[in-house]
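Q: Model the full structure from these sequences, guided by the hints.
2 protein chains.
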Amino acid sequence: MAIGVGVIGAGTVGGGVIKTLIANSESIAARAGVDVALTHVAELDAGRLGEFDLTGVQTGSDAEALIENPDVAVVCELIGGIEPAKSFILKALNAKKHVVTANKMLLAYHGPELCAAATANGVDLRYEAAVAGGIPIIKALREGLAANKIRSVYGILNGTCNYILSRMTYEGLEFDETLEQAIEKGFAETPPDLDIEGHDTAHKCQIIASLCYATEVDLDDVYVEGITKVTHADVAYALELGYVIKLLAIVRDVDGAIEARVHPALVPQEHLLAAVRNEFNAVYVQSDVADATLYYGRGAGRMPTASAVVADIVDIACRGHAPNAAPFVYGPRRPICDIGNVQGRYYLRLTAYDKPGVLGKVCTILGKNNVSIASCIQQEENKEGPVHVVMMTHETVESALRNALKDIDKLDVIYEPTHVLRVL
Amino acid sequence: MAIGVGVIGAGTVGGGVIKTLIANSESIAARAGVDVALTHVAELDAGRLGEFDLTGVQTGSDAEALIENPDVAVVCELIGGIEPAKSFILKALNAKKHVVTANKMLLAYHGPELCAAATANGVDLRYEAAVAGGIPIIKALREGLAANKIRSVYGILNGTCNYILSRMTYEGLEFDETLEQAIEKGFAETPPDLDIEGHDTAHKCQIIASLCYATEVDLDDVYVEGITKVTHADVAYALELGYVIKLLAIVRDVDGAIEARVHPALVPQEHLLAAVRNEFNAVYVQSDVADATLYYGRGAGRMPTASAVVADIVDIACRGHAPNAAPFVYGPRRPICDIGNVQGRYYLRLTAYDKPGVLGKVCTILGKNNVSIASCIQQEENKEGPVHVVMMTHETVESALRNALKDIDKLDVIYEPTHVLRVL
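Respectively, the protein sequence lines represent chains E and A.
Counting from 1, one number per residue, gives the positions in the first sequence under our numbering.
Counting from 1, one number per residue, gives the positions in the second sequence under our numbering.
The set of hints was computed from the structure by calculation and includes no laboratory data.
By construction, the Cβ of each residue, glycine as well, lies at the ideal position given by its N, Cα and C atoms.
A couple of the hints might just be wrong.
[As the list claims (entries may be wrong)] Ranges between beta-carbon positions, derived for each pair: (1) G122(E) with G56(A): 30 to 36 Å; (2) E177(A) with D354(E): 48 to 54 Å; (3) G56(A) with G340(E): 44 to 50 Å; (4) G56(A) with L239(E): 55 to 61 Å; (5) I22(E) with Q378(A): 24 to 30 Å; (6) E26(A) with R402(E): 36 to 42 Å; (7) L239(E) with T190(A): 53 to 59 Å; (8) R402(E) with A46(A): 57 to 63 Å.
[Said to hold, decoys possible] Derived PhoX-like pairs (lysine-lysine); straight-line CA-CA distance at most 20 Å: (9) K149(E) with K19(A); (10) K149(A) with K19(E); (11) K86(A) with K19(A); (12) K86(E) with K149(E); (13) K86(A) with K96(A); (14) K229(A) with K406(A).
[As the list claims (entries may be wrong)] Listed below are several chain E residues computed to face chain A (Cβ distance under 7 Å; list not exhaustive): (15) A46; (16) G47; (17) A147.
A: And the structure:
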């Protein structure tokens with residue numbers, strides 16, 4: 001017997017799910033051995049439904065009626081945002097319906113509450129589409145690597161940011177130019193702040209951290225820095241030093257504590273993540289049994305996201321009502337690492353007046369703070385004004401570097417605050 | 001209640017599974033919400049068991065007794081080879097035990113029979129470890145991409161071959177030298193024929209083809225060519241032309257027919273597969289909904305393979321005995337493409353005497369067969385003997401190229417048979 005699916009929201013992602021369920025139900029049945037049938041669609045804007053062949057599907061604007069309908073076994077929440085999405089999901093779970101959502105922001109803020117409701121009702125809550133779109137990364141972390149303790153995850157999780165940074169790197173453009181073009185082409189949301197300030201990546205980072213360590217991680221625990229301060233000069237210096245700049249979500253287990261941070265980072269050119277260009281996403285995982293694995297694909301867009309939503313529906317259909325098909329259960333809280341305690345290497349771009357002794361002053365302060373320099377590029381003399389001095393540090397504690405920079409940026413030979421990027 | 005696991009075979013992979021189940025059962029319970037307990041190990045060589053802490057685990061040499069023991073719900077067959085592995089698996093399935101295996105050769109030869117036995121008994125047969133070791137690629141193809149029609153799969157699936165080709169490419173070594181070193185270091189089996197002749201990759205190719213298209217594909221349907229004829233000269237010319245040579249398993253849907261082939265191929269340097277070096281594996285999938293995805297990791301080795309076996313055990317434990325947790329069901333057979341009908345671009349390395357008119361004669365024959373040349377490198381004059389002429393063709397049908405080469409290799413200016421490689 002077919003499993004009935006109700007889709008709430010027929011926008012970009014919802015429309016992709018509707019198209020996929022209509023076009024591929026036969027191949028899904030052949031490959032997965034289950035019949036999945038779209039039975040209901042709830043959408044406030046009836047005009048959106050015109051592009052689909054919805055013969056035999058009940059359509060309307062009432063999401064609550066869809067949830068209550070006994071033919072609907074799986075409810076897909078694809079309207080996004082916090083409310084009414086959250087109420088719809090809770091209502092569906094309490095009505096003992098399985099729920100599939102792509103709503104990363106909602107999960108990042110209210111994941112534990114929603115999972116608890118799913119557990120209490122003995123139904124499933126799935127969200128493969130919430131992280132990295134068409135890449136089955138939730139499944140890989142949760143099931144494929146079930147045997148593993150996850151040591152670290154490094155993810156390129158925002159297609160807009162990766163597109164902007166790729167164009168800056170390979171086409172020599174400045175941040176503002178590429179952002180404008182990304183908005184024109186419809187790659188970036190307007191306003192693009194959630195993307196370029198790193199918050200979208202932070203939502204996904206939070207979901208991954210919770211999943212890897214089976215614990216609640218608050219969104220506030222995720223350190224966030226976007227890409228708006230990255231200049232073409234940074235990208236070019238990085239390239240010269242053998243790196244490309246990527247916005248990374250980083251999740252690590254540091255002696256039992258959790259590190260969760262989002263910021264641009266210099267990735268060595270020979271690392272696979274450096275080869276992930278344009279709007280593509282990728283997730284690099286290090287774990288104790290499988291060692292390194294990487295997952296790559298399209299992180300956004302109608303159809304890739306639909307692929308993930310429908311995979312969740314099929315999973316629910318395959319799994320049936322197995323009593324131990326438990327949704328996610330959170331274990332005890334774990335300590336969160338402060339960004340100041342992070343250890344790593346750093347890229348510094350100083351902007352200084354080209355006077356004798358500058359390097360000496362800077363290095364003295366770094367040395368006092370136990371920060372040592374691995375390499376240095378000084379821009380050729382610039383008669384018009386200040387020059388860039390780029391330094392790569394050896395491994396250091398971030399707080400020591402920040403202390404040093406407070407003093408360095410006060411030097412009268414320094415023209416503007418030093419730009420710091422972390423190195424993978 | 002814990003699910004009881006019996007492991008048959010405590011060699012490389014079996015030992016890894018035993019270690020993982022002992023070391024990580026707590027984190028598995030925390031992350032997956034199920035208790036998985038190693039209860040029995042059957043191993044003929046008792047000396048192998050000394051390295052494990054098997055307190056509370058029943059050990060012995062009798063695999064059949066393990067299968068019959070009512071405490072064992074999941075049987076892991078990790079002895080490899082066809083018999084007695086096949087009999088053990090069938091016995092376990094008929095005793096209504098779930099089975100997990102890493103035995104790619106057995107699956108490639110007897111997959112349909114084993115799956116039918118699993119289905120008939122309402123139990124699961126899982127084999128994540130049979131393809132690409134620690135990469136959860138079976139799960140990705142079967143579940144993660146369940147919504148998709150798979151267009152093509154390009155896999156680097158043999159670590160030994162990729163290690164050899166990588167060293168030839170980046171260290172300038174000849175095939176024989178790298179093979180010897182791989183054997184010395186224990187990377188390659190002795191004899192290494194299954195690896196370097198492409199048969200190991202063909203087993204995996206067959207499993208992937210069956211899985212993607214839900215149909216039986218015979219091992220004989222897979223075209224196989226190994227890497228023994230690839231020379232350092234080929235690798236160097238490929239690099240000059242912007243490619244690296246990889247042994248690929250290729251599975252494609254060509255208008256409903258299935259193409260399944262294993263051979264060395266020139267991969268463009270900017271393709272992600274080109275960045276997969278040394279013993280690592282990767283699988284690049286193109287599908288209709290998710291578009292391109294790639295999965296990367298360690299394709300062999302004790303612990304990565306164990307990661308896959310234990311993931312299968314955890315899946316079975318999570319899924320319980322859901323009545324529709326059907327193992328793989330094969331649909332109708334599909335036509336298989338003949339290698340002669342494959343369309344693609346080709347790399348030709350001719351070895352010819354350096355006489356006037358050689359290129360003209362060769363190009364005339366190619367032209368008659370509708371094969372056109374995209375680019376050409378001629379080695380500098382060699383007074384000692386014949387020189388290499390390397391050509392890249394435009395897209396052509398393989399049979400046309402083969403016809404041309406029959407005539408070309410008969411030319412008296414041609415010193416030895418032309419070496420042909422396909423281009424991705």
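Q: Taking the numbered hints from earlier one at a time, note which ones the structure violates and give those numbers from smallest to largest.
A: Numbers 5, 7, 11, 12, 15, 16 - these are the hints that the structure violates, sorted from lowest upward.
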